[in-house]
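First to last, the sequence lines map onto chains A and B.
Just so we're aligned, residue 1 is where the first sequence starts under my numbering, counting upward by one.
Just so we're aligned, residue 1001 is where the second sequence starts under my numbering, counting upward by one.
The set of hints was computed from the structure by calculation and includes no laboratory data.
In this text, all values refer to a predicted model and were calculated from it rather than measured experimentally.
There's no promise every hint is true.
What the hints assert, rightly or not - Taking lysine-lysine pairs in the DSBU-like style, the calculated list, with each CA pair at most 35 Å apart, reads:
no., chain 1, residue 1, chain 2, residue 2
1, B, Lys-1084, B, Lys-1094
2, B, Lys-1094, B, Lys-1083
3, A, Lys-105, B, Lys-1084
4, A, Lys-105, B, Lys-1094
5, B, Lys-1088, A, Lys-105
6, A, Lys-105, B, Lys-1083
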Amino acid sequence: MNLESIPLQAFLIVSSALFCIGIWGLLNSRNAVRVLMSIELMLNAVNINLMAFSSYIDNNLIQGQVFTIFVITVAAAEAAVGLAILLSLYRNRVTVDMESFNLLKW
Amino acid sequence: MSIAITTQFICFTVLSLVVLIGALGVVLLESIVYSAFLLGGVFMSVAGLYLLLNASFVAAAQVLVYVGAVNVLIIFAIMLVNKKEDLKPINDIKSRRVISTSICLTLLSLLIRVDLTKVWSLSSPQNSIGEESTIRIGEHLFSDYLLPFEVASVLLLMAMIGAIVLARRDVMSKDISTGLPVDQELIEKSSEPLLTNKN
């Protein structure tokens, strides 16, 4: 098999696997900081997808890269606010266990 | 891309293995500190994947924002809340694990099936702009993506103000319940948690 470049599917598979690992961590973590890390993993998977499509399908007008820049911006804002909420929760509850944050449970 | 194809394949394989094994380590390791440092490694490897895709500017932004800001923020949060605590055991943890793992594997198989069966209409690599991508991103940001660019600045300002408001500790001079002056140095240690778990 003679290939002149890495196939697009390889990047897509890596990003799919990364996204699913992120979802698994989001569902199964007890520590709130680890939940935030899983969200960052999922955002990175989406970014890899956007970059791969931008490079293989739209390599003249690279709009996927511009979208990736915006996703990185939103991820930074999300991390800052998420960790501030976490600190505030920790101050009130003295724990970071996800199972104890059930204030909105009906 | 001027690197030989064999080198590209080797780089891609190594970087993807680092990304996937590091991500597994992030979600599976016991110690949250190891997870945070592995997360930094994952971010760096994703930046390497961007370099393989001819996007040097986004790779630099990834390193600066994710490794330099988000990862450091996460490590600081771990330092602030890292207390050894005995987690309460959950009754149906086994069934929960089984259900979530099966959901993730199903989603993964669906995504991989879509990735492999769909025939993407690839553009020819001849009209690739390659190293000029930074110039093109700048043109996009100041012409057709000008409004999102400006809105992003407002979003960052709002996130900054929101983080300050949420994380600030309100120091009171008087105790609310007794009216006595509060010893400011002991305010963290002596205060009862406001929202203790009643059950």
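Check each numbered hint from earlier against the structure, then list the numbers of those it violates in ascending order. none
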